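Take the sequences, apply the hints, and build the full model.
Residue 284 is where the sequence shown starts when you use our numbering, and the numbers rise one by one after that.
It is possible that some hints are incorrect.
Stated by the list, open to error - Here are the simulated SDA-like pairs of lysine to any residue, each with C-alpha atoms no more than 20 angstroms apart in a straight line:
| hint | residue 1 | residue 2 |
| --- | --- | --- |
| 1 | LYS316 | MET392 |
| 2 | LYS316 | PHE358 |
| 3 | LYS360 | ILE307 |
| 4 | LYS374 | GLY411 |
| 5 | LYS360 | PHE332 |
Bear in mind the hints are in silico, worked out from the structure with no lab data behind them.
Note that the structure is a prediction, hence the values are computed from the model and not measured.
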Amino acid sequence: MNNKVDCVYNICCRIDNYKSLYKISFGVSKFEKVNSHISDSKKINKLIFIAEEKNIIPNSADYINALNEIPYFIFSKGDTQALGAILSFEKWIMYNIVPLSDNESGLPMYEKLNQIFDGILNNCSRLGLTIRA
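Right under this line is the structure:
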(Lines of atoms letter the chains of each structure in order from A and count residues from 1; the text may use other names and numbers.)
(Lines give C-alpha, C1' and ligand atoms only; values in the text may rest on other atoms or scores of the structure.)
Protein backbone atom coordinates (compact mmCIF):
# COMPACT_ATOMS: atom_id res chain seq x y z
CA MET A 1 0.00 0.00 0.00
CA ASN A 2 1.34 3.37 -0.96
CA ASN A 3 -0.63 5.49 1.49
CA LYS A 4 -3.60 5.62 3.81
CA VAL A 5 -6.08 6.40 1.06
CA ASP A 6 -5.06 3.17 -0.71
CA CYS A 7 -5.31 1.34 2.60
CA VAL A 8 -8.83 2.58 3.27
CA TYR A 9 -9.85 1.89 -0.33
CA ASN A 10 -8.62 -1.70 -0.06
CA ILE A 11 -10.51 -2.48 3.14
CA CYS A 12 -13.63 -0.73 1.82
CA CYS A 13 -13.48 -2.99 -1.25
CA ARG A 14 -13.35 -6.05 1.01
CA ILE A 15 -16.30 -4.72 3.02
CA ASP A 16 -18.31 -3.96 -0.14
CA ASN A 17 -17.55 -7.44 -1.45
CA TYR A 18 -18.85 -9.04 1.76
CA LYS A 19 -21.99 -6.89 1.68
CA SER A 20 -22.64 -7.90 -1.95
CA LEU A 21 -22.15 -11.58 -1.17
CA TYR A 22 -24.49 -11.28 1.81
CA LYS A 23 -27.20 -9.67 -0.33
CA ILE A 24 -26.86 -12.45 -2.92
CA SER A 25 -26.95 -15.19 -0.27
CA PHE A 26 -29.63 -13.82 2.07
CA GLY A 27 -31.43 -11.10 0.13
CA VAL A 28 -31.49 -7.33 0.16
CA SER A 29 -34.33 -7.26 2.69
CA LYS A 30 -32.30 -9.18 5.30
CA PHE A 31 -29.26 -7.00 4.56
CA GLU A 32 -31.31 -3.83 5.11
CA LYS A 33 -32.70 -5.18 8.37
CA VAL A 34 -29.19 -5.86 9.72
CA ASN A 35 -27.96 -2.50 8.43
CA SER A 36 -30.85 -0.74 10.17
CA HIS A 37 -29.98 -2.38 13.51
CA ILE A 38 -26.37 -1.23 13.18
CA SER A 39 -27.27 2.29 12.04
CA ASP A 40 -29.66 2.77 14.97
CA SER A 41 -27.54 1.03 17.61
CA LYS A 42 -26.56 2.99 20.68
CA LYS A 43 -24.11 0.19 21.59
CA ILE A 44 -22.21 0.57 18.31
CA ASN A 45 -22.25 4.36 18.56
CA LYS A 46 -20.89 4.07 22.11
CA LEU A 47 -18.09 1.75 20.94
CA ILE A 48 -17.10 4.23 18.22
CA PHE A 49 -17.30 7.18 20.63
CA ILE A 50 -15.15 5.48 23.28
CA ALA A 51 -12.59 4.40 20.68
CA GLU A 52 -12.38 7.94 19.36
CA GLU A 53 -12.17 9.39 22.86
CA LYS A 54 -9.33 7.00 23.80
CA ASN A 55 -7.74 7.28 20.35
CA ILE A 56 -7.76 3.51 19.84
CA ILE A 57 -8.82 1.16 17.07
CA PRO A 58 -11.49 -1.35 18.17
CA ASN A 59 -10.48 -4.93 17.46
CA SER A 60 -12.68 -7.70 16.09
CA ALA A 61 -13.68 -8.90 19.57
CA ASP A 62 -14.84 -5.37 20.47
CA TYR A 63 -17.29 -5.41 17.56
CA ILE A 64 -18.55 -8.92 18.37
CA ASN A 65 -18.98 -8.03 22.06
CA ALA A 66 -20.95 -4.89 21.17
CA LEU A 67 -23.19 -6.94 18.85
CA ASN A 68 -23.88 -9.45 21.60
CA GLU A 69 -25.46 -6.63 23.62
CA ILE A 70 -27.99 -5.95 20.84
CA PRO A 71 -31.02 -8.27 21.17
CA TYR A 72 -31.36 -8.82 17.40
CA PHE A 73 -27.87 -10.32 17.18
CA ILE A 74 -27.82 -12.48 20.31
CA PHE A 75 -29.22 -15.57 18.56
CA SER A 76 -28.13 -14.67 15.02
CA LYS A 77 -26.15 -17.06 12.87
CA GLY A 78 -22.52 -16.45 11.98
CA ASP A 79 -23.15 -14.71 8.66
CA THR A 80 -25.53 -12.20 10.22
CA GLN A 81 -23.19 -11.51 13.13
CA ALA A 82 -20.30 -11.13 10.70
CA LEU A 83 -22.30 -8.65 8.62
CA GLY A 84 -23.27 -6.67 11.71
CA ALA A 85 -19.67 -6.52 12.90
CA ILE A 86 -18.40 -5.61 9.43
CA LEU A 87 -21.00 -2.84 9.11
CA SER A 88 -19.94 -1.58 12.55
CA PHE A 89 -16.29 -1.67 11.46
CA GLU A 90 -17.23 0.22 8.29
CA LYS A 91 -19.02 2.82 10.41
CA TRP A 92 -15.88 3.27 12.53
CA ILE A 93 -13.78 3.66 9.35
CA MET A 94 -16.16 6.31 7.99
CA TYR A 95 -15.88 8.32 11.23
CA ASN A 96 -12.09 8.04 11.13
CA ILE A 97 -11.25 8.30 7.44
CA VAL A 98 -9.37 11.62 7.73
CA PRO A 99 -7.16 10.54 10.65
CA LEU A 100 -6.47 7.25 8.86
CA SER A 101 -5.56 9.06 5.66
CA ASP A 102 -3.20 11.44 7.46
CA ASN A 103 -1.34 8.76 9.37
CA GLU A 104 2.18 8.12 8.05
CA SER A 105 2.46 4.37 8.72
CA GLY A 106 0.57 2.98 5.70
CA LEU A 107 1.60 -0.66 5.74
CA PRO A 108 1.02 -1.29 9.45
CA MET A 109 -2.44 0.32 9.22
CA TYR A 110 -3.23 -1.75 6.14
CA GLU A 111 -2.30 -4.87 8.07
CA LYS A 112 -4.28 -3.76 11.12
CA LEU A 113 -7.49 -3.06 9.19
CA ASN A 114 -7.25 -6.38 7.35
CA GLN A 115 -6.49 -8.13 10.64
CA ILE A 116 -9.71 -6.71 12.13
CA PHE A 117 -11.75 -7.77 9.08
CA ASP A 118 -10.27 -11.28 9.12
CA GLY A 119 -10.72 -11.47 12.90
CA ILE A 120 -14.42 -10.71 12.56
CA LEU A 121 -14.84 -13.57 10.10
CA ASN A 122 -12.78 -15.93 12.28
CA ASN A 123 -14.74 -15.02 15.42
CA CYS A 124 -18.06 -15.56 13.63
CA SER A 125 -16.98 -18.81 11.97
CA ARG A 126 -17.73 -20.74 15.17
CA LEU A 127 -21.40 -19.90 14.58
CA GLY A 128 -21.21 -21.09 10.98
CA LEU A 129 -20.27 -18.99 7.99
CA THR A 130 -21.40 -19.65 4.45
CA ILE A 131 -19.80 -16.46 3.10
CA ARG A 132 -16.05 -16.10 2.89
CA ALA A 133 -14.63 -12.86 1.58
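Hint check:
no.: 1; hint: LYS316 <-> MET392; verdict: violated (31 angstroms)
no.: 2; hint: LYS316 <-> PHE358; verdict: holds (15 angstroms)
no.: 3; hint: LYS360 <-> ILE307; verdict: holds (16 angstroms)
no.: 4; hint: LYS374 <-> GLY411; verdict: violated (24 angstroms)
no.: 5; hint: LYS360 <-> PHE332; verdict: violated (27 angstroms)
The structure does not agree with the numbered hints 1, 4, 5 stated previously, though it agrees with the rest.
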